[in-house]
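With these hints in hand, go ahead and build the complete structure from the sequences.
Number of protein chains: 2
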Amino acid sequence: MNLAEGDFAVLGFLLFKPMTGYELKAMMDLTLGHFNRASYGGIYPSLKKLAGGGYVSMSQSVSGGKIRKTYKPLPAGKRVFQAWLKAEAEILRGPGPLLTRVFFLGLGGRGNAKAFSGGVRRAARERAEWLKRTKAAVSGKADVYQESTCQFGIDYYEFLQKWFERWEKGL
Amino acid sequence: MNLAEGDFAVLGFLLFKPMTGYELKAMMDLTLGHFNRASYGGIYPSLKKLAGGGYVSMSQSVSGGKIRKTYKPLPAGKRVFQAWLKAEAEILRGPGPLLTRVFFLGLGGRGNAKAFSGGVRRAARERAEWLKRTKAAVSGKADVYQESTCQFGIDYYEFLQKWFERWEKGL
DNA sequence: TTATTCATGTAATTTGTTACATGATTCT
DNA sequence: AGAATCATGTAACAAATTACATGAATAA
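Chains A and B, in that order, give the protein sequences. Residue 202 is where the first sequence starts when you use my numbering, and the numbers rise one by one after that. Residue 202 is where the second sequence starts when you use my numbering, and the numbers rise one by one after that.
Fair warning: there could be bad hints in the mix.
Said to hold, decoys possible - Just the calculated beta-carbon pair ranges, DEER-fashion:
#1 B:366 to A:242: 33 to 41 Å
#2 A:310 to B:366: 51 to 59 Å
#3 A:275 to B:348: 24 to 32 Å
#4 B:308 to A:333: 24 to 32 Å
#5 B:308 to A:279: 34 to 42 Å
#6 B:316 to A:270: 44 to 52 Å
#7 B:262 to A:320: 41 to 49 Å
#8 A:242 to B:205: 14 to 22 Å
#9 B:259 to A:339: 22 to 30 Å
To be verified - Chain B regions said to be covered by chain A (calculated; three or more residues, Cβ under 8 Å):
#10 231-240
#11 336-347
Stated by the list, open to error - Only pairs whose alpha carbons sit at most 30 Å apart, straight line, appear in this in silico BS3-like list of lysine-lysine:
#12 B:333 to B:273
#13 A:336 to B:267
#14 A:287 to A:273
#15 B:270 to B:315
#16 B:342 to A:226
#17 A:315 to B:226
#18 B:333 to A:342
#19 B:336 to A:363
#20 B:315 to B:370
#21 A:315 to B:218
#22 A:279 to A:370
#23 B:333 to A:226
#24 B:218 to A:363
#25 B:370 to A:315
#26 B:342 to B:315
#27 B:226 to A:333
#28 B:370 to A:370
#29 A:287 to B:218
#30 A:273 to A:249
#31 B:363 to A:333
#32 B:218 to A:336
#33 B:226 to B:250
#34 A:363 to B:370
#35 A:273 to B:342
#36 B:336 to A:226
#37 A:333 to B:315
#38 A:342 to B:336
#39 B:336 to A:336
Source of the hints: derived by calculation from the structure; they are not laboratory data. Ideal Cβ placement from N, Cα and C applies to all residues, glycine included.
Here it is, written out as structure tokens:
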């Protein structure tokens, strides 16, 4: 039973501040919501999983008949989160997973952000190069739209490179 | 049993040219592979589903003990594909689904591409505006990385707007 | 008094991913 | 002889999405 992207997002938010599932949803909607949508159907099972694995603890409080379950990271949770922060980034799935990582970079060590950014830039450069080659290979054989798809990829990965380059300098 | 993103991609490729599952995989890897990964585990069940729904026909040929199943779109398949091409684009999931649509735009009517591009630009503009507002609202309360996440979103949606604007002009 | 916010979750379905299993043909 | 390409697919698992179900407190 290993943790997925969504689980790490939940865990990361709890590292900022212990929260209830409801509060988590509100925070996620506000911050990562534009790319990574959060739903109760994702959050509550995730909390259960994290608690079952010993990554977070749960404390229940009852006020006025209403149950409130507040979740808080345990040492094991902090450990796996740090490991996740240091892992290589997957740039292929689009900005969503990438942004989730950027969001939590403040929780990692000082060198972590630079290393992460460097990894993204390298991967984006490789992707852009590859696409330029395929574009040249397909040129003439494909219609405008198909070539546009390729061109978009090139432009997108160059945008990524530039963005992270600029960002790294400003850190 | 309604069709998903991946099913439409398969159907679209078959509209270019009747193919086998194997050929589909090769084509998809070459063209849409950078954002939308294709696997046999996705393609073959998709073909089965499309055939079962009466969207494509299958013709089997045996040459040298080897079975070759070639799939070809039926009128019903063409109809649902056209409807899919005309639907509003989902810009939230990142470039993947967007690019799948661009790739097949040549199969739609002349006005289709412009309408699509306009829709993307409008959605991207709204998203960027929304992010600017939340950025202003959160300013000071969030750390560098959290604000960067927001800034990335703004820059990304502006990149999208500019890209499609330029693209539309060149059509 | 009615709508919204706070607060919990489950169940079903869909979708995607990975790994496995098989075998002929063709190129080196 | 061995590697790569052509060609089929299934099974298991992981993940995400949607819809459903419930109910107290509070703000309009």
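Hints, verified against the model:
1. B:366 to A:242: 33 to 41 Å: With Cβ atoms ~37 Å apart, the hint holds.
2. A:310 to B:366: 51 to 59 Å: 41 Å, violated
3. A:275 to B:348: 24 to 32 Å: At 29 Å between Cβs, range holds.
4. B:308 to A:333: 24 to 32 Å: For residue 333 of chain A against residue 308 of chain B, whose Cβ atoms are near 26 Å apart, the range 24 to 32 Å holds.
5. B:308 to A:279: 34 to 42 Å: With Cβ atoms ~51 Å apart, the hint is violated.
6. B:316 to A:270: 44 to 52 Å: Check passed, 47 Å falls within 44 to 52 Å.
7. B:262 to A:320: 41 to 49 Å: Given a distance of about 47 Å, which is inside 41 to 49 Å, the answer is holds.
8. A:242 to B:205: 14 to 22 Å: Distance hint for residue 242 of chain A, residue 205 of chain B holds at roughly 19 Å.
9. B:259 to A:339: 22 to 30 Å: Once the Cβ atoms are compared, 28 Å apart, the range 22 to 30 Å for residue 339 of chain A and residue 259 of chain B holds.
10. 231-240: holds (count 6)
11. 336-347: Satisfied; 6 residues make the cut.
12. B:333 to B:273: Roughly 47 Å separates the two Cα atoms, so the pair is violated.
13. A:336 to B:267: 33 Å, violated
14. A:287 to A:273: 22 Å, holds
15. B:270 to B:315: 36 Å, violated
16. B:342 to A:226: 18 Å, holds
17. A:315 to B:226: With a Cα-Cα distance of about 37 Å, the restraint between residue 315 of chain A and residue 226 of chain B is violated, given a limit of 30 Å.
18. B:333 to A:342: 42 Å, violated
19. B:336 to A:363: 21 Å, holds
20. B:315 to B:370: Between residue 315 of chain B and residue 370 of chain B the Cα gap is close to 9 Å, so the pair holds against 30 Å.
21. A:315 to B:218: With a Cα-Cα distance of about 46 Å, the restraint between residue 315 of chain A and residue 218 of chain B is violated, given a limit of 30 Å.
22. A:279 to A:370: At roughly 28 Å apart (the allowed maximum being 30 Å), residue 370 of chain A and residue 279 of chain A satisfy the hint.
23. B:333 to A:226: 21 Å, holds
24. B:218 to A:363: Between residue 218 of chain B and residue 363 of chain A the Cα gap is close to 38 Å, so the pair fails against 30 Å, i.e. violated.
25. B:370 to A:315: 38 Å, violated
26. B:342 to B:315: 41 Å, violated
27. B:226 to A:333: 21 Å, holds
28. B:370 to A:370: 34 Å, violated
29. A:287 to B:218: At roughly 45 Å apart (the allowed maximum being 30 Å), residue 218 of chain B and residue 287 of chain A break the hint.
30. A:273 to A:249: Measuring from Cα to Cα gives roughly 12 Å; hence the hint holds.
31. B:363 to A:333: 21 Å, holds
32. B:218 to A:336: Given that 30 Å is the threshold and the Cα spacing comes to 20 Å, the pair holds.
33. B:226 to B:250: Holds, because 17 Å separates the two Cα atoms, which is no more than 30 Å.
34. A:363 to B:370: Roughly 25 Å separates the two Cα atoms, so the pair holds.
35. A:273 to B:342: 21 Å, holds
36. B:336 to A:226: Satisfied, since the Cα-Cα distance of roughly 18 Å is no more than 30 Å.
37. A:333 to B:315: 26 Å, holds
38. A:342 to B:336: 45 Å, violated
39. B:336 to A:336: Status violated; Cα separation ~37 Å.
Of the hints listed earlier, those the structure fails to meet are numbers 2, 5, 12, 13, 15, 17, 18, 21, 24, 25, 26, 28, 29, 38 and 39, in rising order.
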